[in-house]
Amino acid sequence: MSDEQGGLLEAPLAIEYPFNRTTGPVIGAFLTGLRNERVLGIRDTQGRVVCPPVEYDPQTGEPLTEMVEIGTEGTITSWSWVANVREGQPLDRPHALAFIRLDGADTSMLHAVDASGPDAVNTGARVRIRWAPEREGLITDIACFELVGGAA
Amino acid sequence: MKDVAVVSVAQSDYVRALSHLNEVEMIQPVIRQALDQIGVGISDIGFTCSGSSDYLAGQAFSFVMTLDAVGAWPPIMESHVEMDGAWALYEAWLKIQAGHAETALVYSYSKASPGDLPRVLSRQLDPYYYAPLWPDSVALAGLQARAMLDEHKIDEAEMAGIAHRNREAARANPHAQIKGSATIDELLAEDYLSDPLRLHDVPPISDGGVAVVLASAEKAAEWADRPAFIRGIDHRVDSHSFGARDLTRAPSIATAAEKAGVHDGKIDVAELHAPFTHQEKIVATELGLGDDVVINPSGGPLAANAMMAAGLVRIGEVANRIMAGEADRGVAHATSGHLLQQNLVCVLEGN
Amino acid sequence: MSPADNDRVISTMPTGLWEQPAISTPDLGDEEPVQRLRLPASMVYRYNPGQAPTRYLRGLAQKKILGERSASNPDVYVPSRGMNPTEGTPTSEQVEVGPKGTISSFCVVHIGFGVNAPPTPFVSALILPDGAAVSLYGTLLEVPIEEVRIGMRVEPVWVPDDQLTTSSENITHWRPIDEPDVPAEQLKGHM
Chain A
1 MSDEQGGLLE APLAIEYPFN RTTGPVIGAF LTGLRNERVL GIRDTQGRVV
51 CPPVEYDPQT GEPLTEMVEI GTEGTITSWS WVANVREGQP LDRPHALAFI
101 RLDGADTSML HAVDASGPDA VNTGARVRIR WAPEREGLIT DIACFELVGG
151 AA
Chain B
1 MKDVAVVSVA QSDYVRALSH LNEVEMIQPV IRQALDQIGV GISDIGFTCS
51 GSSDYLAGQA FSFVMTLDAV GAWPPIMESH VEMDGAWALY EAWLKIQAGH
101 AETALVYSYS KASPGDLPRV LSRQLDPYYY APLWPDSVAL AGLQARAMLD
151 EHKIDEAEMA GIAHRNREAA RANPHAQIKG SATIDELLAE DYLSDPLRLH
201 DVPPISDGGV AVVLASAEKA AEWADRPAFI RGIDHRVDSH SFGARDLTRA
251 PSIATAAEKA GVHDGKIDVA ELHAPFTHQE KIVATELGLG DDVVINPSGG
301 PLAANAMMAA GLVRIGEVAN RIMAGEADRG VAHATSGHLL QQNLVCVLEG
351 N
Chain C
1 MSPADNDRVI STMPTGLWEQ PAISTPDLGD EEPVQRLRLP ASMVYRYNPG
51 QAPTRYLRGL AQKKILGERS ASNPDVYVPS RGMNPTEGTP TSEQVEVGPK
101 GTISSFCVVH IGFGVNAPPT PFVSALILPD GAAVSLYGTL LEVPIEEVRI
151 GMRVEPVWVP DDQLTTSSEN ITHWRPIDEP DVPAEQLKGH M
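Protein chains in written order, with the working numbering: chain A, 1 to 152; chain B, 1 to 351; chain C, 1 to 191.
The shape of chain A in the complex, shown without the other chains (with noise of 0.2 Å):
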C-alpha cells in the first residue's frame, strides 16, 4: 500500500464514566462518618484496627463487624512526592502522597499531604486531617493532611 500523506490523524478521544456504587453497611458508616468529620475503623481478626474499614479480614477473609472510632491526627508511615499534579488529585500544588497511621489504627490510610516541599516531609512526621467545608460521605471529605507542627 502506498505510504499514506498528510502525516498522522489524531482526534480527542474522552471516556466518562458516572459509576454510582453501593457503599454496604461497613463502608457506609465509615463515610457516613466522615461525613460528621469522624472517622472509624474495625477490628480484624486479630483485634488490629483497620482504616479505612473493610468487610472482610484483609489476612483470613471472614466477615468483619465491629466498628470502632479512632482520631483525626496520625503518623506517616511512607510518602512520595507528587512533582507533577494530575486532575482529580486532591491538591492542585505539588504534595506528598502518604500513607498515615490515625492514632488509634493498626493500618494506614492513602491520602495526600499539604507540604511546602520534599523536604518538610518524613515517616513518623505528625500530621491532622484537613476537612472539606462541603461534605457529602467520600474520601475526598477529607480534603488532604497537613502538618502538625513539631514533626518527628
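Treat the hints as calculated values from the structure; they're not laboratory data.
C-beta atoms are modelled at their ideal positions from N, C-alpha and C, and glycine is treated no differently.
A few of these clues could be false.
Stated by the list, open to error - Selected chain A positions facing chain B (in silico; Cβ < 7 Å):
{"#": "1", "residue": "Ile-15"}
{"#": "2", "residue": "Pro-52"}
{"#": "3", "residue": "Thr-75"}
{"#": "4", "residue": "Ser-78"}
{"#": "5", "residue": "Trp-81"}
{"#": "6", "residue": "Val-82"}
{"#": "7", "residue": "Arg-86"}
{"#": "8", "residue": "Pro-90"}
{"#": "9", "residue": "Ser-108"}
{"#": "10", "residue": "Thr-140"}
Claimed, not checked - Here are some chain A residues the structure puts well away from chain B; computed CB gaps all over 10 Å:
{"#": "11", "residue": "Arg-43"}
{"#": "12", "residue": "Glu-62"}
{"#": "13", "residue": "Thr-65"}
To be verified - Estimated spans, in silico, between C-beta atoms of each pair:
{"#": "14", "chain 1": "C", "residue 1": "Gly-112", "chain 2": "A", "residue 2": "Asn-20", "range": "21 to 29 Å"}
{"#": "15", "chain 1": "A", "residue 1": "Pro-18", "chain 2": "B", "residue 2": "Asp-36", "range": "43 to 51 Å"}
{"#": "16", "chain 1": "C", "residue 1": "Arg-175", "chain 2": "A", "residue 2": "Pro-18", "range": "30 to 38 Å"}
{"#": "17", "chain 1": "B", "residue 1": "Lys-2", "chain 2": "C", "residue 2": "Trp-158", "range": "52 to 60 Å"}
{"#": "18", "chain 1": "B", "residue 1": "Gly-261", "chain 2": "A", "residue 2": "Glu-10", "range": "46 to 54 Å"}
Keeping the supplied structure of chain A fixed, place chains B and C upon it in accordance with the hints.
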C-alpha cells in the same frame, strides 16, 4: 499433570509511541511471526487467548478487533483476559491440561501511548478509598520504595545499580526500548522524578506486543527441537488494601513460587516482571533467588515495559534461552496491579 | 447507625445463601447513613486511528467509501483495519465501494442515546455498499419506517463540500433510491 511447552515466541520492537499503527496493525506481524517461524497456521491452533486492557485504548471491547490479526476463520475457540498475557498463557495452559486443546496461541500487547498511563492505572485501585484520589502509578510505587528505604532493605545506590545492570543487559536485546545506561554515579546525581524515585527507577512506557505458542508434549516435539516445558505455574494475590500490607514484602510471590516448585531444581536464569528498581529486590527475595542467578538478561521491564505484555515477555525470554540451549531451567515472574499485588510464577525447563 | 437502622433492608440476597452480618458502630447520630455514592471518572486520550482507518477517513474526506482487500482474497472489507480478518493477512489494495448500497439488516430505535441521536423512532441499519463484503452501520432517514425492508437500495447523504473532514460524520445518513430490491438470499453472509 500434562507436559505443556512453549515452542515459539515473537515480540515487536518496543517504542514509546507507535502512533502510525493501530493495535491490529501492531500485533499482526508478531502473531504471524510466532506461527510462521514454526511453520504452522491458525488451523493448527486449538485455542487462542489474548491479554490486554481496554483502558489503554480508551475503548470498551477494544481487544476484539485484534482477532482480525489472527484470521479467525473458520471460527476458533478463543478467550481473553483483561490482564497481562501471562495470565492468558495460564488460561491456555489450563485448556490444554483439561484436554480441550493440544495447542494454543497466546498474545498480548499494549498501546498505552494515547493515554496518560500513570493516571489511567489509578483505575485499578480500590474504588472507594484510593481511586477517587487519582494517585499516579509512579508516586504510588514510590510509597513502596520509601518503605524499603526506611527499613534499610535497599538503598538508592542499589536501586541505581539495578537500573544500570538491566539497561546495560538490554544492549543485547534487539527489541528493547532503552539500551544502555549512564553510570551509577551519574544516575544518582539526577534529580528525583517523584521522591524517592528517580527517572531511572521507573520503567519506560512502551507500545508493543508478544505472541507465544504452547503445545502439549507430542505436538511440541514436532514443532520445536528443544521445547521449553512448563514444569510449574501458579498465581496468587495479596490484599488490595495496600495500607494494611507490609509493602516491603509480597507474600503471594513466595506462595506461588512454592506451589510452582521453583526450588525443585537449579535455576539458571530468572526473568522478573519488576517494573520499578526497588521491586526487583522484593521479587528476587520472595522467590528465594541466590546471588548467583542471572536476573533479566533481556533487560527486563526497566528496558521495555509494554503494559499487559511485559509479564508474558518474561515467560517468553526464559523460554527462548531454554530453546536456544543457553539454559536448562529458569523461572519467569509476572505481576498485575500496583505494588506487586498479584503475581504469577512459571518454572520452565528444557529436556 | 442507630439500632432502628439495622432493620432497614440493605441486601436483597435470597435467604439461606448468605446473611449480611450486623455491623456495630459508635453512635453516628440520627442522620441518614451513606448508602450510595457517585464517583465519576473521566479520561482523555489522543487517538491515532492507524494506517488503514486513516486511508478510509481520507477517502471519506473526498466523498469516497474506500474498502481494502488482501492479495489472496477478493473480499473487500470496509472500513478496513488493515487486515483480511479471515486470513489475518495485511490488506494490499484499496477498492472504492458504493456509494450506493443495500440494507442487509435494520432495527427501529425507540430510545435514542447521545446528543446527536435523531428524533425517535428512527431506523438504524446495516448497509452493504456495492462491491463490499461487509456492511457499514448508519442511520436511515427520509423514508416512512414501515417501508424499510432488507434488500432496499440506498445511497449516502453527505455534508456540504465545505464541511467535509476526515470523519465518518461526513455521511449524515442514508436514504432510499429508486432501484429494485436485492433479494435477501444475496445478502446472506454480508452483514
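Hints, verified against the model:
{"no.": "1", "hint": "Ile-15", "in the structure": "holds (5 Å)"}
{"no.": "2", "hint": "Pro-52", "in the structure": "holds (5 Å)"}
{"no.": "3", "hint": "Thr-75", "in the structure": "violated (12 Å)"}
{"no.": "4", "hint": "Ser-78", "in the structure": "holds (5 Å)"}
{"no.": "5", "hint": "Trp-81", "in the structure": "holds (4 Å)"}
{"no.": "6", "hint": "Val-82", "in the structure": "holds (5 Å)"}
{"no.": "7", "hint": "Arg-86", "in the structure": "holds (5 Å)"}
{"no.": "8", "hint": "Pro-90", "in the structure": "holds (6 Å)"}
{"no.": "9", "hint": "Ser-108", "in the structure": "holds (4 Å)"}
{"no.": "10", "hint": "Thr-140", "in the structure": "holds (6 Å)"}
{"no.": "11", "hint": "Arg-43", "in the structure": "holds (13 Å)"}
{"no.": "12", "hint": "Glu-62", "in the structure": "holds (13 Å)"}
{"no.": "13", "hint": "Thr-65", "in the structure": "holds (17 Å)"}
{"no.": "14", "hint": "C:Gly-112 <-> A:Asn-20: 21 to 29 Å", "in the structure": "holds (22 Å)"}
{"no.": "15", "hint": "A:Pro-18 <-> B:Asp-36: 43 to 51 Å", "in the structure": "holds (46 Å)"}
{"no.": "16", "hint": "C:Arg-175 <-> A:Pro-18: 30 to 38 Å", "in the structure": "holds (36 Å)"}
{"no.": "17", "hint": "B:Lys-2 <-> C:Trp-158: 52 to 60 Å", "in the structure": "holds (59 Å)"}
{"no.": "18", "hint": "B:Gly-261 <-> A:Glu-10: 46 to 54 Å", "in the structure": "holds (49 Å)"}
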